[in-house]
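Chemist: Assemble chain B onto chain A, guided by the hints.
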Amino acid sequence: MLDKALIGGRRYWTWIFILLAIIGVAVLTYLKQFNEGLGITGLSRDVSWGLYIGQFTFLVGVAASAVMLVIPYYLHDFKKFGKIVILGEFLAIAAVTMCILFIFVDMGQPMRIMNVVLHPTPNSVMFWDSVVLAGYLGLNLVIGWTTLGADRKGVKPPQWVKPLIYLSVPWAVSIHTVTAFLYAGIPGRHFWLTAVMAARFLASAFSGGPALLIILALLVRKYTKFDPGYEPIQALGKIVTYAMFANVFLLGLEFFTAFYSNIPGHMHPFHYLYAGIEGHNKLVPLMWTSSIFAIAALVLLVVPSLRKNEKVLAFACVILFISLWIDKGFGLVIGGFVPNMFEGITEYWPTLPEAIITLGVWAIGTLVLTVLYKVAVSVREAA
Amino acid sequence: MSINRRQFLKIVGVSTAAGIGGAAVFNGLRNSGLEAAQTSPDPRTLTAKRWGFVVDMDKLKSEEDYQKCIDACHNIHNVPDLSSLPEEIRIRHEVKWIWTDNFERTFPTAPEDEYQNVELKEKRFFLFCNHCAQPACVRVCPTKATFKRKDGVVMQDMHRCIGCRFCMAACPFGARSFNWRDPRGKDGNGKPFIDPAKENKEYPTRMIGVVEKCTACTERLAKGMQPACAEVSNGAIVFGDLEDPNSEVRKIIAAKYTIRRKPELGTQPSIYYVIGGGEHA
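Heads up: the protein sequence lines correspond to chains A and B, in order. No gaps in the numbering here: position 317 of the first sequence is 317 in my numbering, and each next residue is one more. No gaps in the numbering here: position 113 of the second sequence is 113 in my numbering, and each next residue is one more.
One chain only, chain B, in its complex shape:
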């Protein structure tokens, strides 16, 4: 043999390193082109330092007030409708981005009070992702599939998600849904979970085995539009920059009594609830 094993390995090693280096240069060139394209955002894009919501309970009166917000969100995001499944399975497999529940379940760590104002006790509260400033879901995700954007929105990359559901265990607000079954599938009677007539072709449907949740309508913010729920809520859901003292959300928070869900956990939720009081406060 003209070369021994050590020499052979050296040559292989050096040429491999050179190959990788070459590829890196090539990729670098290609990437720079992409980045240039990304540096000119849509001028209509709404920007903020920290997006947040105010939910004004005084403005939510009828069942319809709630339902139109839920429908607006779930329709444009192609959230599968599992209501045709048997109740027991529906509860387990349900996917929801925004929904309602009573005071006790929305604020389970609020002091128990049997003498509480009956009206408040029976009110239905909106629940959706809190887009926490210190999100536990982001901390635990092993692949950065869920991450916090610079504008405070907690986002979800459904193409990277491995479906480990650590984020579901970590979220103290139950904001996250998992696709236990194929959202593009059908129930036993052949009724599709996403009605083809209503499907929004502008927004992707999901695949089986990934986690999803409210995204604060980032796809709408990019076009200069408010989140869908806020848009149709007649002022019950107000969206704005929590870091801007002149924003509408900050003005409401400064003027009225608001509470947040489980603030003691330190995740710093970005949804403020205006409860009761109103003119009487």
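The shape of chain A in the complex, shown without the other chains:
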């Protein structure tokens, strides 16, 4: 089926080469980081994780969100998702690929990555995270490829793939739960030490991921002959809305606990993120952008007449995605490190090389996604 990705028009190839050019620049930048060390990033002794790990965390959510198509279609026989469920599964593959790459570029000694396998350590959440992520990548590759292959031949998918599909449902929940446990089990980092962390991760994943899917489905309709249909997109829109409300609610719970309890350590990260502490306020504009976008998106999504207009829906999804990207892909990680373990403040801001490498990983993910979607769309167009 991969041969279908080799046949494309001028626009397709231009897009591929733009992505390859970005990837090329990013690879060169990464080589600089490889030689000179992570010192070329904005990271520090006090803020030892940043943009890379934030992107990793955010993308695990995007990957897990495929389950929002799989559950209605396979468990509730919601037939309207039949055409687009493959878009969700392929998005998961691209997202997990990016997750693995973000972990890789964040490592101080990337050549030792196999140590995680050579010295398996069950008490480390990171060990489990690598296990569930690799498993999820495998599941989606097998499921996506098999069902699409059957589709191409006009036959039903083989029976053996059904149990794998059912397995992928709890597995999707597990990847994001385990990722939340990376943070939520650490003593002494007040911002992360919260039992609702995994719940919040899932809520934001199940709104941000489907929001991205809506945008992608609309792009697919615009640029190809394959139409995902009006109703599936509307159904996704409702999922985005409910999940976003859950996410904002859970964030509200965090604010209540921190400020009503009046415990300094719990309030400080919120002060830093939303108001700044003693003039240290690099993240304040970003966090407020995230908040305003979240509320605006919710208003546009919750009013049925607005949501039913696809242009409004697309706009709402874009700002919602940006809102969650800031909140989870950046603020969440930095808020855990500022203030630091001594209640002092060292601020963090990504450097240009760090941003280029980040963009490069996104470009690789986009390339994977483009190729997979090209295959899927070609099969659908032929059907």
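Treat the hints as calculated values from the structure; they're not laboratory data. For every residue, glycine included, the Cβ atom is placed at its ideal position computed from N, Cα and C. Mixed in with the good hints there might be a few duds.
[As the list claims (entries may be wrong)] For lysine-lysine, the following BS3-like pairs were computed, each having C-alpha atoms within a straight-line distance of at most 30 Å:
{"hint": "1", "chain 1": "B", "residue 1": "61", "chain 2": "B", "residue 2": "148"}
{"hint": "2", "chain 1": "B", "residue 1": "198", "chain 2": "B", "residue 2": "59"}
{"hint": "3", "chain 1": "B", "residue 1": "262", "chain 2": "A", "residue 2": "282"}
{"hint": "4", "chain 1": "A", "residue 1": "32", "chain 2": "B", "residue 2": "251"}
{"hint": "5", "chain 1": "A", "residue 1": "32", "chain 2": "B", "residue 2": "191"}
{"hint": "6", "chain 1": "B", "residue 1": "59", "chain 2": "A", "residue 2": "32"}
[What the hints assert, rightly or not] Residues of chain B clear of chain A, computed beta-carbon distances all greater than 12 Å:
{"hint": "7", "residue": "49"}
{"hint": "8", "residue": "66"}
{"hint": "9", "residue": "68"}
{"hint": "10", "residue": "81"}
{"hint": "11", "residue": "220"}
{"hint": "12", "residue": "234"}
{"hint": "13", "residue": "243"}
{"hint": "14", "residue": "250"}
Modeler: For chain B alone, coordinates are given in the frame of chain A:
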């Protein structure tokens, strides 16, 4: 074809298993030799059930009292000196095994008290790895590169560390440093971070991208010597076995008022600070 695919796979499988088995026997033989060599430790080695420290703040008076401990540690362990870098970068990339800070930052979860004894407020406290009995860093490490020894010392294998920095996120005491730049490198003016004249050839330098911290001088314990900081501290840093009721550390802890950093987190730090009081207590 004389054999079908199934038969072929069977043969390949069996012979692979046999090959691995053979290698295991060979390795087993070789390893037994190594273990025999390791069973006779240096008789001078200092041993304990749980090593710990007492930092007696009454005995730390001048800037020099602090600096000689820091220098002793950083010099013998080839800790890179980044002080020649611009301040903004130095703060971010700094590597330190032992350093000082004020009361508020050393004990950030101690009750805030604006009426606190001024002398205590302005005192400089020593900070280094707490060698916790329940270390969060060890719990999170995905490769066992950081681990707790039987004598309670939390150690770091810099050759296994993958540089994921999960331990830095997990340590509630900020005890861990990452090599953001090559510690064997030079600053912009060509000044090396480890002075070749001062470099201790007996102790390894580190490479880029690994985490390091205080190791309670295990290399010195193995030769029957006290940790370097304790040795030069004139009794301000006392090292001993916390599980031995007759050890000096236990006697001080029993007799004087001591506090530990962030005890509420349950990591059970092994550094006890004797604060104030002294003769007045």
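Chemist: For every hint, state whether the structure bears it out.
Modeler: Results of checking the hints against the structure:
no.	hint	verdict
1	B:61 / B:148	violated, 33 Å
2	B:198 / B:59	holds, 28 Å
3	B:262 / A:282	holds, 29 Å
4	A:32 / B:251	violated, 54 Å
5	A:32 / B:191	holds, 22 Å
6	B:59 / A:32	violated, 48 Å
7	49	holds, 22 Å
8	66	holds, 17 Å
9	68	holds, 23 Å
10	81	holds, 15 Å
11	220	holds, 26 Å
12	234	holds, 27 Å
13	243	holds, 23 Å
14	250	holds, 26 Å
In terms of the numbered hints stated before, the structure departs from hints 1, 4, 6, listed from lowest to highest.
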